[in-house]
Each structure stands twice: as structure tokens, then as C-alpha cells.
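**Student:** Sequence:
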Amino acid sequence: MDIFTTDNGAVRGFRSSPDVVAVLGIPYAAPPFGARRFREPAPAAPWTGVRDCTAFGPVAPQSAELPGSPVWSPGDEDVLTVNLWTPAPDGGSLPVLVWIHGGAYTFGSSAQPDFDGDALARAGLVVVTLNHRIGFEGFGHVPAGDGAALPDNRGLLDQVAALRWVRENIAAFGGDPGDVTVAGHSSGAASVACLMVMDRARGLFHRAVLHSPASPHYTRDIAAATTREIAAAAGCPATAEGLAAATPQALLAAADRVVEAYRRDPASGSRHYDPSLYAPVLDGDVLPVDPLTGLAAGAGREVELLVCHTTEEYRLFDAVGSSAEVTTEEQLAAFAQDFGLPDGLVDGYRAVLPDAPVLDVYLAVFGDLLFGEYAHRLVEQHVRGGGRAFLSHFDRRRTGPHGLVRAWHCADVPFAFGNVDKECATFLIGGAPTPADHDLARRMVGAWAGFAADGDPGWPPYDPAAGQAKVWRTDEDDEHEVPAAPRELWARAEFPLLRP
1 MDIFTTDNGA VRGFRSSPDV VAVLGIPYAA PPFGARRFRE PAPAAPWTGV
51 RDCTAFGPVA PQSAELPGSP VWSPGDEDVL TVNLWTPAPD GGSLPVLVWI
101 HGGAYTFGSS AQPDFDGDAL ARAGLVVVTL NHRIGFEGFG HVPAGDGAAL
151 PDNRGLLDQV AALRWVRENI AAFGGDPGDV TVAGHSSGAA SVACLMVMDR
201 ARGLFHRAVL HSPASPHYTR DIAAATTREI AAAAGCPATA EGLAAATPQA
251 LLAAADRVVE AYRRDPASGS RHYDPSLYAP VLDGDVLPVD PLTGLAAGAG
301 REVELLVCHT TEEYRLFDAV GSSAEVTTEE QLAAFAQDFG LPDGLVDGYR
351 AVLPDAPVLD VYLAVFGDLL FGEYAHRLVE QHVRGGGRAF LSHFDRRRTG
401 PHGLVRAWHC ADVPFAFGNV DKECATFLIG GAPTPADHDL ARRMVGAWAG
451 FAADGDPGWP PYDPAAGQAK VWRTDEDDEH EVPAAPRELW ARAEFPLLRP
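Those letters in the sequence shown? Residues 1 to 500, per full-length UniProt numbering, in order.
In case anyone wonders, no lab produced these hints; they're calculated from the structure. Possibly wrong hints are sitting among the right ones.
To be verified - DEER-style ranges, computed between Cβ atoms:
1) Ala232 to Asp78: 27 to 33 Å
2) Ala297 to Ala351: 33 to 39 Å
3) Arg15 to Leu359: 46 to 52 Å
4) Pro486 to Gly203: 36 to 42 Å
Here a beta-carbon is modelled for each residue, glycine too, at the ideal position from N, C-alpha and C.
Using the sequences and the hints, build the whole thing.
**Tutor:** Have a look at this one:
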């Protein structure tokens, strides 16, 4: 039988395919509610007998309802769980890949179908995915109350707790605790970058894979101002006691109202374009320094790094209607001013895209601002600090039933997981996968598995003098190639992006 023994008790999984066992919804920490709300994660309680782990655990509080994924319901509290897929249920010592989901620190979960680890497990990895606190529960700033100070970055602390669970338990599932790679997408990738410079995470992983890392971070003052906005919208005091008295659903509803207000108000500054309320907080404790500064100084130099970003990141947000409409020269100028972009940057993009409408220029600039340029700088700073890094761009396009499907945000994830056949990938990749798509997925799975196994994804490490990167395409992509703006345009732009 597919039964494994963890430090807290025995768990039962199931065969997700003939050669892989999946074990889902294993608690790695106690439910973070009641007296534990807004506090560091506490150890999970042990159990007796064999715990049935054949279904995902509850997702963290959020208002999003993602296709094919479970939704959060008030009363769901045991949200700090891990899932794993192992091809070695009878022992072994395989490399481990731990995945942290994205979602603007506000939504998403490990139960999303595109994060199914079966294909990567069949490639020779033990795959772990995890839930952590998001939204206000995970990243909202809570002022000090009458008792002990309440930490910022609770979502990052959850991730550290999950990595400790991996170190202490993964051998029982055939994994090597001394060969752990942490990977993530978007806010999950940015979380991994934070983990690389956090003392509390040191030694818990040995390699890192970042898909489209998101650039924003907050100072404590910015995070505190956001808390005051949310508390006002929730009708509660912006104090530890007032926020603890507000239910998770009340804070979710309040945050949604704040976001909608930013969306409706073009004069509200940078958050009008992308009203993400939460980000890691530079608190000097959990997160002592921003990743760019920390990596350049050598923090995390022992961790090998692989970064992948898509070439038209922000096209996704326009396609799903979550981006502000910028269609006039006046709106484009206001956007550049609200983000403090260097003089000449927008004109440089226009020179590369001379016949493009204003919207296309805006989407190209914003995608590089939030993701592309930050991805490059993380690689460069890690190498500067003495680390070893690899860079790649996902540039696969195709003509789908509704026109050209771009190399946009999230499009690379189903390929890296080998899940292009899943229904959830249909929108991201523009229809049913072609033979060329299957070949691309096979190559990406092999590269990620190779990197997790021995640090070699199949192309040379990044050399700042050459600036080379692996480009992921199919043999059907050449006719749709989109010219890229030169990175020199970003030379005077300051990162990390501190908002608002």
C-alpha cells in the first residue's frame, strides 16, 4: 500500500499514474487562525492511525474563483498543507522540486490543475507543492498590539516552515533533503528570490527556479498605509485588536473595495494600472534586504539560480481585462510619470514598435517593468555576488481560434510542468497542443529536471559580458517574432520597484 510515515504520523496516498504516487493535503503547520492568527506558523498537531491524503487541503482565504480549482469558504482553516508526487515510493534519494504558486500574493493555490506534479515526477523528481497564507492574512502589515509583536511577511514564514517540513520528512518519500530546488511563478517566484536572501531559509534549498518574478516590494510605511486603507474599508480600527476582530472574509471584501476604487480612478497613481495591494515587506527582520541588493552582496551565492520570463508578459492581463486601458498619448505619458520612468524610455519602445498602437507600447513597457527587466537584474546581481545563474526567455506563439496567442504571463508554466494537455492550459496556449507544443514541453521538463538534479539545464551559465539566454520556441514561431526593446533603455530605472 502507498503509506508513508512522517514526523506527525502516517499518510496514505494513491497512484496518480502507474509509476507515480501522489500524497495530497499533508499539514506542515497548524491552522493559522484563532489565537494563531497573524502569527508565525506553529507546528502541526500529530495524529494517530493513517491519515487519508488523497485530496487537496483547503485553499487560503481569497475571493478569487479559478477555473478547475477549489474555492475558499469561511471556516476552512487547515490551509497550511503540502502535496507531493514521488516516483520512488519504495525508497531512493531523488532530487526534490518544491513549487510556490503565484497570484499577486492575493489568490491561487497548490491545487491548480496546471501544477500537477506527475510529469515532473516521471522525469525523476520528487515534486512538492504548498499552500501558504496570502492576502492580508499572509502579507498585510499588522501594527504591534498589547501582546507580542506580530510579524510581517507571514506568507514567507509559511514557506520556510514548509521547507523545514521537506528537510525533515522528504526522505520517507524517496527524496534527498540535501538536493532541494525551490521554484515559483510570478509572486511565487518573487517569494523564492526573497527566500534566497533570508537567514531563516538558509540551507533549506540548494537551487532556485524563478518563472516571471514580480518586482514590487513594500517599505513598512507603504504596508502600513495599505493597512489603514483596508481597515477603513472594513470599518475597523487599524490596530492589532481591530484587525483580529475582523473576519478573514471582511478583510477580503474590504481589499476588493479598495482595489476597485483604484481601478476606477485614473488619478490614483501607480495602483490604478495594477492595483495589487500586497507584496513582501522590507521589515529588517524576516526580509532584511530586497533580493537585488542582497544577491549583489553575496547572500544566497551558494544557491544556483535559473530564471525564465515570457517575452510579452503583460499581454495576459489585457486579455483577461485586468489591466487599465491606456490608448492615448496623454494616458501613456501619465503612466510613465506615475511610475517615474526615465525620460526617453517610452520613446525608445516606440522606435522599436513604430507602427504599433499606444496600447501595444504600454503593454510592452509595463511587462518589462514588472517582470522582464527585474528577471534580468536578478540574474545579473546574483552573478555579481558570486552565484551561478541561467537565464531563459519563453517566446512561443501560435495562431489560435481567436487570433494570435502571445508569449504572455503564465504561458510557460504548463510547458515546464508537462501539463499542456490539461484543460486548464487551453486558454494559456491557445487551444489544443500541437506536436510542436508537446516537443517544447518535453524539452522544458527535461531542462528543469536536469537543473534540479545536477545544476545543468542544458545551456551555459549566464555571462554578463555576453548576456546570452536560452530562448524557448517551437518550429512554428518564427513568423510571429516580436522585436524586443534594448535593455539600455532601462539603465536609469530604479529597482526594486517600491509601490505605490
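**Student:** Please check whether Ala297 and Ala351 have a Cβ separation lying inside 33 to 39 Å.
**Tutor:** The hinted range 33 to 39 Å holds for Ala297 and Ala351, with Cβ atoms some 36 Å apart.
**Student:** Between the beta carbons of Pro486 and Gly203, is the distance compatible with 36 to 42 Å?
**Tutor:** Given about 39 Å between the Cβ atoms, the range holds.
**Student:** Confirm or reject the claim that Arg15 and Leu359 have a C-beta distance inside 46 to 52 Å.
**Tutor:** This hint holds: roughly 48 Å between Cβ atoms.
**Student:** Okay, Ala232 versus Asp78 on CB: inside 27 to 33 Å?
**Tutor:** Once the Cβ atoms are compared, 31 Å apart, the range 27 to 33 Å for Asp78 and Ala232 holds.
No hint from the list above goes unmet by this structure.
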